[in-house]
Structures are given as structure tokens and as C-alpha cells.
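Build the complex: two chains, separate frames, hints provided.
Keeping their order, the protein sequence lines are chains A and B. Using numbering that gives the first Met the number 0, you'd call the opening residue of the first sequence number 0 and step up by one each time. Using numbering that gives the first Met the number 0, you'd call the opening residue of the second sequence number 0 and step up by one each time.
Worth flagging that the hints you see were computed from the coordinates, not collected in a lab. Note that beta-carbon positions come from the ideal geometry of N, C-alpha and C, so glycine has one too. Just so you know, nobody snuck in bad clues.
The calculated lysine-lysine pairs, modelled on DSSO-like cross-linking and capped at a C-alpha distance of 30 angstroms, are:
1) B:Lys-264 / A:Lys-265
2) A:Lys-235 / A:Lys-131
3) A:Lys-90 / A:Lys-265
4) A:Lys-40 / B:Lys-134
5) B:Lys-61 / A:Lys-178
6) A:Lys-33 / B:Lys-134
7) B:Lys-264 / A:Lys-9
8) B:Lys-29 / A:Lys-235
9) B:Lys-264 / B:Lys-61
10) A:Lys-131 / B:Lys-29
Among chain A residues calculated to face chain B with C-beta under 8 angstroms, some are:
11) Leu-2
12) Leu-10
13) Leu-55
14) Val-57
15) Leu-59
16) Ala-63
17) Ile-146
18) Ile-169
19) Thr-272
20) Met-287
21) Ile-291
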Amino acid sequence: MHLLTTSLDKLLGVLEAVGGFVAILAFLFWLAGKVRGRFEKPIANILLLGPAVILLLVGLVIPAIRTIFLSFRGQYVIGPDVKYVGLANYKWAFTDPHTLHTLVRTAEWLVIVPLVSTVAGLVFALLVDRMKYQVIAKSLIFMPTAISFVGASLIWKYVYQYRAPGLPQIGLLSEVAMKLGWSHPPNWLLSSPLNTFLMMVILVWIETGFAMVIMGAALRSIPDDVIEAARVDGAKGWRLFRSVQLPMISSTVTVVIITIMTATLKIFDIVYTITGGNFHTDVLSNEMYSQIFEEFNNGRGSALAVILFLAVVPLVTVSILRLRKERYA
Amino acid sequence: MSVDEALVTETGETPEPAGVTPPSHRAPAKTHQRLATVVIVVMSVLWALPVFGFFVTSLRSKAEAEGSGWWTVFVHPSLTFSNYISVLFHGGANIQGGGLFPYAMNSLAIAIPATIIPIIVASMAAYSLSWVRFKSADTVYFIIFGLQVVPLQMSLVPLLQLYSHGAHIGGFPIFPNLNLHGSIAEVWISHTMFSMPLAVFLLYNFIAQLPNELIEAARVDGANFLYIYRRVVMPLSLPAIASFAIFQFLWVWNDLLIGLTFSAKSASAQPLTVQLQQLSGTFGSHLELLTAGGFVTIIIPMIVFFSLQRYFVRGLLAGSVKG
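Isolated chain B (complex conformation) (with noise of 0.2 angstroms):
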């Protein structure tokens, strides 16, 4: 079995009936199995506990959550909303403008294209790589393949040089500045150019094994390489794309380094993670709305990791060298 199945059967939602278990599996004795259910119970409560803490936070007003534990809630139990409202409309502590809202929308407005564009981009390389194909395309598949070595931090300060002031060889300009400096796009691009590696990596995985008959008889019928990346390569590769759009699409949506390097402090383009890095500096001084907008940032990613994970567990496989 190799470990994407294994994945699948990790993950997925059928849980083991348990007369698949050969019965000599349960064999140790009823201490070994107690002291077993203890140590999960303690993890799971572990791991848990500050996630949950901080929820019933968010839902606390401000004088009860600066005056008292979390945990005094289940004696003198009084929950709000409102701290949502405020925190994504009104703002208030050090959020700039009217809120978080148009922060989230940022992020948005980064993620989609930073999702969207890279498939496409990398879908097409695939394909020409291995079904197209030309006399090195397998150096060409391997140096993309080896550049996931190279962190983006690497690439920092040259591309923010190069969109802050265009390139110049001698004084020429061989690259317009593009005045994109602070802007929405100046994130996304970075944040498609560092997936390149990735994401060409693991759909040439899935493109070049698909069938050759299929390819092969979309040529004989006279289907020209284009068509048939349209029509044949794009609708069969579906599982590999949506396994990498989610991996990317949390990627980006979490990611705080390259939101914060390139979005230059213009509130018109940070996305929400940078905007709640700076709330935490307002620790004990709003802790409720900090409480509130963390939550907001969380919820997207858990969305989509319970409904999606058993892609996303095989994204995370494959892409957890990257970054």
C-alpha cells in the first residue's frame, strides 16, 4: 500500500469496523488497554483545552474576560456575540479602518488567485513535460523539481527591490517598475511564483501517469496538444488539483511572512494574519476582540479542513517541505 492509500484509509470517514482487526490485535490485557485510553483522553483534552479557552473568550465581554478566568464560565456562565460584530465591523485596539472585515476580504482577495492561477500555470508545465514533451524535458522537470530546496526566503529582498524600482542592466530598465508596490497583486504573484516548485512537482506526479490510450486516441482523432490539455489532461487531473488547492489555499491564507514583506504596511492590502499579528500587542487591554478576530482568522482553515480532509492530509504530505 503505498501512503497516499494509506492516507485515505486514515482519514477518511469511515472509521475500522472493528471485526476487520484480527482478533489476537486486542489481545493485551485490560490494564495495558486502560492505561492506553487514559493517555489519549489526557492528550486529546491537551490539545484541545487552549482552542476551546479561547473561544468561550471570544464570547465573554470585555469586563469579564479582562476580570476572570475562562474557566469561571461554567460557574457564572453570560456569553455575547457582539464581540464579533465589533471586531469585524467597528474595529477598535490597534486595527486600523472600520474593522477586520475588509482584512478577511484581503485575504480573499489574495487566496483565490493565488489558488487559481498557480494550477493553471503548473498544470500546463506538467502536461508539456510529460505528455508533450521535447528533447530535455527531463533536466527541465528536474531542476523545477529540486528548486523546492530554495526557501522563499531567499528571494525576499531581490523581488521587493524589483517591484519597488523595476529592474535596470547599466541604467537600462529591463523590467518596467510595475508600480505594484503595497499592493493586493504584489502578494498574490509572490505567493504564486513560490508555489511553482510545489505545485508542478505533484501535478506531474498525477499527469504523467494518466492513460496513455485516452491521450493517444484524442491525437489519432487529430486533436491538437492544446485541446487535448483542455479537454482530456484539466477534467482527468481533478483529484490531484483539488488536493493541491487546498494545501495552497490554507497556505496562503495562513501564511504570515510574505503577507507582511509585501503588503508594505498598506492597509489596502494586509492580509488578515498580519493585521492580527499587530493586535497582539493589545494583550489584556481588549483581550475579547482579540479573542473574537483570532477566531475569525481560524475558522476558514477549519472549514475546510473537516470537509476537505482527507485532500488536505495528502496536500500536507506532499507539500510539507515547502515554505
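Chain A on its own, in the form it takes in the complex (with noise of 0.2 angstroms):
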């Protein structure tokens, strides 16, 4: 009982947030719907934008400018008396060992899961097209999609149990393995650099589904008459594919490329939730956090998120110009 009425309380809570801001911004707009003339414009301009520009100025922009300088600072960064130390913290990043290996780590990442995972969504693009139920196999590998990171790792966890040999196995991968005659297989997620590619596993299981259905529709989209046209010159299979399939989704192709790869590169939750970056197994965002979280070194940590965020504007430059161009075409 007790249970169900906080719950309630809480919800009620934000429905009165929600219902607040809602009545506020009713009133406002009745009051400035009073005006009229050369003023209506600006003051109905003035209503309309500023909450959004206020939320991404106070939440976006001035925080990002701040990192900034604060990834020039030593730690502890509270307080007026934190030290100005240049670009120490940055090359304590590109010097320090185990940051290094993480930068490497994380560029590994960034060539493997987006490779992997754009190969798999096109050949099964490629080969579910014409089959029956593709529904089914096409939701089964898109599903991913909608589990969180934090859901995907523990069912990946689950997966990758380790029992000793002689124990009943609980993880199928184990008992797969053992079944198969590898009496003694390694503890998975505590052997490196095993342990990193069986974390890139999960990543490539969730993105797959979305490289799937992005190529699945530019293949569609490819007029009928140019197949048909190349089948009439005698091209099929492969050739078909790597002379007329290819070369006209490969716009397409970029942007899925470039698409996982910036999810690649922010990923944080997967590492977090499986070995907390223990093991050999660190990554860029979970350093960040872990500077940040754990070790209170806010210097070094806003340091590791500038060097996130210039990983990251080619990136998504790219993508959201194509994007555009796409719609705007």
C-alpha cells in the first residue's frame, strides 16, 4: 500500500511539473496574444524561442565552454584556487599508460563494431529480400535495437559465464565451447584482449538491426529497371552486387558506417556494466567517467570529453549534412 502511494505521489509530482509549465506557458501566451501592432512579432518571437534557447544555452552551450577551460585546469575544480596547468591534463591523456591503451582500445572499437556490423546488416539485407517470413527475421535482428545497453549487457553476461571445467555450465557460450571440445576454455570476460571482442560482440548485436533496415531500404529504392537492366547484361550474384547494388547505396553505406561509429565511440554503458573498465577492457567515455566519478580529478576528466568531442565533430558533421541533403534533395 505504502508502495502504490509514493508511486503515486511521484507521478502525480510530475504531472504537476508538466501541468505547471503548461499553465505558465498558457498565461503567457494569453497575455502576449493582447498584443498587437509592431510588437505582436517580436514578443510572440521572444515566447516561442526563448525557452529552447535558454534550456540549450544553460544546458549545452555554456557547459560545454566550460569544459573547456576546465579540461586547462588541475582538479578539484570547486573553488577559485584551482591551479592553471596548459595542456598538462592533455598530455597526461596521450602519455599516461593506461590512458593510452584506453585511446587505442577505443579506436579498435571505432574500426571493428562499425565494420562488422555494416557487413552483417547488408549481406542479411542482401539475403533476406524474397525469402518468406521475412517479418519475423527481419524484427528478430532489429529487436536489439530497442533493449538498452545496460539489458543488452546483462544478457550478454549471461551468455559469457564462466564455470570451471566439470561444473555444470550456466553461460552458453561455455558450454558451447566445451561441447564443441575446448575442454578448458579461458574465464571469458576476464582475459584480454578476448574480453574486449566479446564486449564488441553485444554492440555489433544491437547495431546490426539498425545497418539492416537503413541498406534494406536503399537496396529497394534502387529503381527495378537498372537490376534489370544489368541482369539483361548477364550480371548476378556477387557481380551484381559489387558493379550496380553497391556503388548506388554506397552514400547510404557512409552513413551507416559513420553513424555506428559515432554511437561507437560514445559508448559508455556496455563497459561500464560488464567490467567496469577492469580487465584491460577500458574505453574513452568510461575513462572520462571514472576520472571524473572516482578518481575526482575533474581536470582530467573534461580533458578525455574535449578529446570525445573532437573524435566526434567529423563524425557527425558528415552525417547530419548527408542527412540533410537527403531531405532537402
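Dropping the structure here:
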């Protein structure tokens, strides 16, 4: 009973907040609606645009600028006496062995995950076409996209559960490995670099569905007469794909790869949930988190955030420009 | 065909009738077709198996879940629903307080305002930038659009300081300490702020292309700008709003980083994902609770996903650069 009332209270509180927001807005709208003449338009614009601009300034613009400043300062940022340390935090990021390994490992993620997911998605999209029950198959592949990274991590952590040989196995991977005759497999998540690859599998599992849907759509949008003409010329199977289909969807493939790269670069949840960055699995976003919240070194954490930002800029720029072009084409 | 339209046909409920495909499309040799089928089936099974095993385990007793692999259930079937009751209402393992249910409520209490408020704020901004307009409207739009490149990781530390200390310039408070730290509001306000660039971008694309005649006609009838927003723009934008709402709801529901950072380990503000992450340390000792808890978080996105797939795909495509 207590549980129910506290939950209801919480939801009511939220509804009050939303309702209050709407009420204030309605009142301001009513008030501004009285204004006519040359002030009508400016006032309407301020009222309409103001909330978004304030949220953006407070939540993104000012904090991002401040993070850049913080990245040139020492740790324990609260208070005015924090020393300016120049590029020391960046120097640390690129020379400290642990962090350097973290950056290299992030780069490995960045190459492997987008490539494997895109190829898997493309193969699936090509083969599933014309198949019976393809809706079911596509839904199964696409389903992980809706699952949270935490949920996905738990699902796969269970697959990777290890028990000493001889005990009844509960992890699917161990069971299969042993049934196939690998009598003493390693403790999957503790052995580097295997553990990093096993975590990449999780992200591939999630992103393949996305790649499949987007590239499947592109493949379908190739006009039938183009395919027809190519077939008349004797192209089929691999050759048809290589010389007709692939070139025609190449820009979509680029968008897919870049989009997955962006997601991969920011990956935090998987590593944080599965190993917490231990056992040589740390990646950039997780290292940033642990610098800030475990080492309480805001300077270093901020420097890592800026590095992440600089790495993301070219990727996101290309993909949003593509998206824009596509929309307005 | 635009990507949008293509996606709708791709994920629409109606599978293409076989007759639509020109005959030559079905030409490849039988063996190729068979090989393709094998690849598809193997891949689908591989993709589904981890989820299936996880689900089966959530229906087994503690002793069974820890004593044998889930695949043995086919030989000795014995299933129970009690794990869900325990994990939702009684807790155990690492769950603070009485089970996951309060945390599920937290997740809802975060996701609802973090979905509704961005829709209102962003659609207002999009309407202002596209229809009411002012001299530098295009520049403002381009800046907001460009802010999509800023990863939210750039904002974490300064925002956290703002929430817990307010803002001062030379000792003079310019932003009060709202005592938000560790509250639900802190989490959903953060989500709202981070969602802005994407929300404005998505809704602008749609609202800017509404038919000119409708808005002009309302203007001629003497309606003011704000009235037009409420009575013409909002109702007509519902398809775009639906796409964004689904994407945003799932994003917030599935988020770990923002929840972890801004709930400040306070049980009254933590979303489900944060609790679940902490549960992952109990692997081996409470597998049956862990799997049930995991499924509780998955089930809502699954329902949304399977019932609203086409909107979800559109939002996903446009929002894939977020984070």
C-alpha cells in the first residue's frame, strides 16, 4: 500500500510539474495574444523561442565552454584557487600508459564494430529479400535496437558466464565451447584482449539491425529497371552486387558506418556494466566517467570529454550534412 | 523515393506481395537460395537466442537457474513467475528498498516530462524559426542544428556543479542553488536540455514544410501567431511529434549515463537502468532475480518497439547521432 501511494505521489508530482509548465505557458500566450501592432511579432518570437534558447544555453553551450576551460586546470575544480595547468591534462591523456591504451582500444572499437555491423547488416538485407517470413527474421535482428545497453549487457554477461570445467555450465558460450571439444576455455570476461572482442559482439548485436533496416531501404529504392538492365547484361549474384547495387547505395553505406562510429565512440554503458573498465577493457567514455566520479579529477575528465568531442565533430558533421542533403534533395 | 518513405515500406506491417517482384528477381539457382535461407535462419537464431535464454532463466527457480543451464529446461520443464514478484516488490540481492517497482516508477517519472516538455519547447522554437521568423532566424536555426555535434559528456561536470552550487560570478549569485541535486527533476531537466538540438532539428524539418496556405489563411482571418501555433501547427505536426516522442521516450528510458550522473545515488531519483547496472554485480548469487529484473526493463521498449515500429525507425534514423 505504502509502495503504491509513494509511486502515485511521484507520478502526480511529475504531472504537476508538466501541468504547471503548460499553465504558465498558456497564461503567457494569453497575455502576449493581447499585443497587437508592431510588437506582436517580436513578443511572439521571444515567447516561442526563449525557452529553447535558455535550455540550450544552460544545458549545452555554457557547460561545453566551461568544460573546455576546466580541461586546462588541475583537479578538484570547485573553488577559484584551482591552478591553471596548461596542456598538462592532454599530455597526460596521450602519455599515461593506461589512458593511452584506453585511447588505442577505443580506436579498435571504432574500426571493428562499425565494419562488422555494416557488413552483417548488408548481408542480411541482401539475403532476406524475397524470403518467406522475412518480417519475422527482420524483427528478430532489429529487436536489440530497442533494448537498453544495460539490458543488452546483462543478457550477454549471462551468455559469457564462466564456470570451471566439470561443473554444470550456465553460460551458453562455455557450454557450446566445451561441447565442441574445447575442454578448458579461458574465463571469458577476465582474459584480455578476448574480453574486449566479446564486448564488441554486444554492440554489433545491437547495431546490425539498424544497419540492416537503413541499407535494406536503400537497396529497395534502386529502380527495378536498373537491376533488370544489369541482369540482361549477364550480371548476377556477386557481380550484380559489386558493380550495380553497392555503387548505388554507397552513400547510404557511408552514413550507416559513420552513424555507428559515433555511437561506438561514445560507448559507455556496456563497458561500465560488464567489467567497469577493469581487466584491460577501458574505453574513452568510461575512463572519462571514472576520472570524474571515482578519481574526482575534473581537469583530466574534462580533457577526455574534449578529446571525445573533437573525435565526434567530423563524424557527426558528415552524417548530419548527409541527412540534410537527403531531406532537401 | 526518400529514405523516409523507403523506411516506411521497409518496416510497414504489410509484407510485399510476391507478385510485385519482377520474375527476374527470383532467378538465382536453387542452391544459392537455399544457402541464403540457411544464413538468414542461423543469423536470426543467433540474434534471438541470448534474449530467449535470459527470458527462460527469469522463469526458473534460484536453485535451478544456478544449478544448470537454461537449455536443460527442455528436458526438465519447470517454470515459475515468482521471480518477477520478488524482484518487483520484495527486492533482495543488491536492490535497495522494496524491489524494482519504485525504480520503474522513477524511470516513468523521468521519461514522461523528458518527452513532453521537449516536444512543446522544440515545436514552439521550430515554429518561430520557420513561420513567425525574424532577421537572423536562419542563423539561429543553423546554430541549434549544429549543436548536435556536442556530446552530452561535455556538459556533465559543469551541470553537476550548477545543480549543487548554483552559479556565481565573482561571488554574486546569478543562478540560485535550486536544491535540485539528487532529485527526479534534475534528471529529467538534464534530459530535456540535451534533447533540444535533435528535437528542434526534427520538428523544424516537418513544420517548415507545412502548407503555406493554411497558415496564411489563419493569418488573414486575424488569428495571432500564438493562436496559429496552438490550433494549426501543433495538430498538423502530430506525425513528426510521434516519431520524436517515441525516440525520446526510449532514449530516456534506456539511458544509463545521465541517470547515473544526476540521480547522485539517491534511491528516490534513480531510474531502473542504474539499479539494474548495480545488480550486475550479483551475477552468480541471484541469477533468477537479475534476469527477471532485466526483463522488466526490456519489456516496455519491446512493447513500444513492436507496436510503433515505423515511427520508431524514422526517429531512429534522424536521432542516431544523438548522445
